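Chains as they are written, first to last, in this note's numbering: chain A, 18 to 86; chain B, 553 to 697.
Honestly, the hints are just simulated from the structure, not real lab data.
Just to be clear, a hint being listed does not mean it is correct.
[To be verified] Derived DEER-like restraints, expressed as beta-carbon distance ranges:
| # | chain 1 | residue 1 | chain 2 | residue 2 | range |
| --- | --- | --- | --- | --- | --- |
| 1 | A | A70 | B | A580 | 32 to 42 angstroms |
| 2 | B | E635 | A | D78 | 12 to 22 angstroms |
| 3 | A | R29 | B | Q638 | 26 to 36 angstroms |
| 4 | A | D78 | B | I623 | 39 to 49 angstroms |
| 5 | A | A70 | B | K627 | 27 to 37 angstroms |
| 6 | B | H693 | A | T32 | 14 to 24 angstroms |
| 7 | A | S60 | B | K695 | 18 to 28 angstroms |
| 8 | A | D78 | B | F679 | 38 to 48 angstroms |
| 9 | A | S60 | B | K598 | 48 to 58 angstroms |
| 10 | B | V613 | A | F63 | 39 to 49 angstroms |
| 11 | B | L678 | A | A70 | 44 to 54 angstroms |
| 12 | B | V613 | A | V24 | 50 to 60 angstroms |
Here the structure is a predicted model, which is why all the values come from computation and not from measurement.
We put the beta carbon where it would ideally sit given N, CA and C, even for glycine.
What follows is the residue order along each chain.
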Amino acid sequence: MKNRLKVLRAERDWTQADLAARLDVSRQTIVAIEKGKYDPSLSLAFKTARLFAQPIESIFDDEIEVTGS
Amino acid sequence: MNAPSQKPSNTTTNTIETRTASNTKKLALWTGLWLISLALVAFGPKFLWDFHTVITCTLIVTNLFMGYKMIIANKEHLEGLDELQQRIHLEAMALSLGCSVVFGAVFGLLENVRIIASSPNPSSVLFVTGITYGIGMLIAHKKYL
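Only chain B is shown next, with the shape it has when bound in the complex:
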């Protein structure tokens, strides 16, 4: 056999493991910061600065910036994965997006058709998105192992 005899490049800093680990850390950092800024926007005005408009607006802008950085980190994380890992995420996203659309559409109608008394909270769809994404990841991992 005349296959190349070079050693695998796992001593370099750009193997898929190191790349994914680095991208995951970055994603975790920006997600954490986004979550903290969101919590400050949600609870700060009432409990910390008595609805001071300037502080609240500053925090909203900060939250949007953190959200932007989180989206970019997520994109870079996905781009750093190999083709099978990307496919697994794609299949999980397909399930998650589909379920969110179906659930969100009917959930928005529940008050109008008098099944529930109060207005449905749109953020409830986020729970469906998160849970179905997790389930989709488990199904796709099982499929390819």
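Chain A extracted, bound-state conformation:
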């Protein structure tokens, strides 16, 4: 799953450790999410969306194209 975590973090001049502290997770978790090696749970994704005050789908992209009927 792609995500804009790194961009959003950079816009706020936060380190990975800063973001980890704000989300109450380890820095390793932030690294793994940013690299796309780990997909966060729904609750962590919502927490992230609340922190950045953005809709969840603008931060996380599951790369599945939805075609209209």
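Dock chain B against chain A, hints included.
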């Protein structure tokens, strides 16, 4: 951007680092006490109190209590981790449990099929459990970094 501008909560006492450090210390303490009590049960009767039944039984009960506290400390340690850390432990446990079952099953048969002469010691499975848990942790850490 209108993201909340509050500072990260690392000045409070309940960050994941402080929580994990505290839980790890607790786990180390109870594991150490359990290990000491196990050593006393194993060697005390022969070397310290000449197989006195009351002392041995007291030590066995103490050992079981220490074991219970160690299990609870381990559970609390796991619950205090974040979701990725819990997943890493889960993957390590899956490898460890699988290997222990496979190794333990065949190891128990070795005497019956006359591959070894003496009865296999069931505690040998603990070594397999510990070693494969460590290997599982390394593999899972590497996978997510």
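**OP:** Given the range 44 to 54 angstroms, decide if the beta-carbon distance of B:L678 to A:A70 lies inside it.
**Re:** holds, 51 angstroms
Original post:
Can the suggested window of 50 to 60 angstroms be confirmed for the beta-carbon pair B:V613 and A:V24?
Top reply: Given about 59 angstroms between the Cβ atoms, the range holds.
Original post:
Is the hinted range of 18 to 28 angstroms satisfied by the C-beta distance from A:S60 to B:K695?
Top reply: 22 angstroms Cβ-Cβ, so the 18 to 28 angstroms window holds.
Original post:
Given a hinted range of 12 to 22 angstroms, is it respected by the beta-carbon distance of B:E635 and A:D78?
Top reply: holds, 20 angstroms
Original post:
Do the beta carbons of A:R29 and B:Q638 sit within 26 to 36 angstroms of each other?
Top reply: With a Cβ separation near 28 angstroms, A:R29 and B:Q638 satisfy 26 to 36 angstroms, so the hint holds.
Subject >> 39 to 49 angstroms as the expected CB spacing between A:F63 and B:V613, which holds or is violated >> reply: holds, 48 angstroms
**OP:** Starting from the hint 14 to 24 angstroms, judge whether the C-beta atoms of B:H693 and A:T32 obey it.
**Re:** holds, 21 angstroms
Original post:
Does 39 to 49 angstroms hold as the CB distance between A:D78 and B:I623, or does it fail?
Top reply: holds, 42 angstroms
Original post:
Does the Cβ pair A:S60, B:K598 satisfy 48 to 58 angstroms?
Top reply: holds, 54 angstroms
**OP:** Please test the hint of 27 to 37 angstroms on the beta carbon pair from A:A70 and B:K627.
**Re:** This hint holds: roughly 36 angstroms between Cβ atoms.
Subject >> Verdict for A:A70, B:A580 (Cβ pair) under range 32 to 42 angstroms >> reply: holds, 41 angstroms
Original post:
If you check the beta carbons of A:D78 and B:F679, does the distance land in 38 to 48 angstroms?
Top reply: Given range 38 to 48 angstroms: holds, Cβ gap about 46 angstroms.
In the structure shown, no violation is registered for any of the earlier numbered hints.
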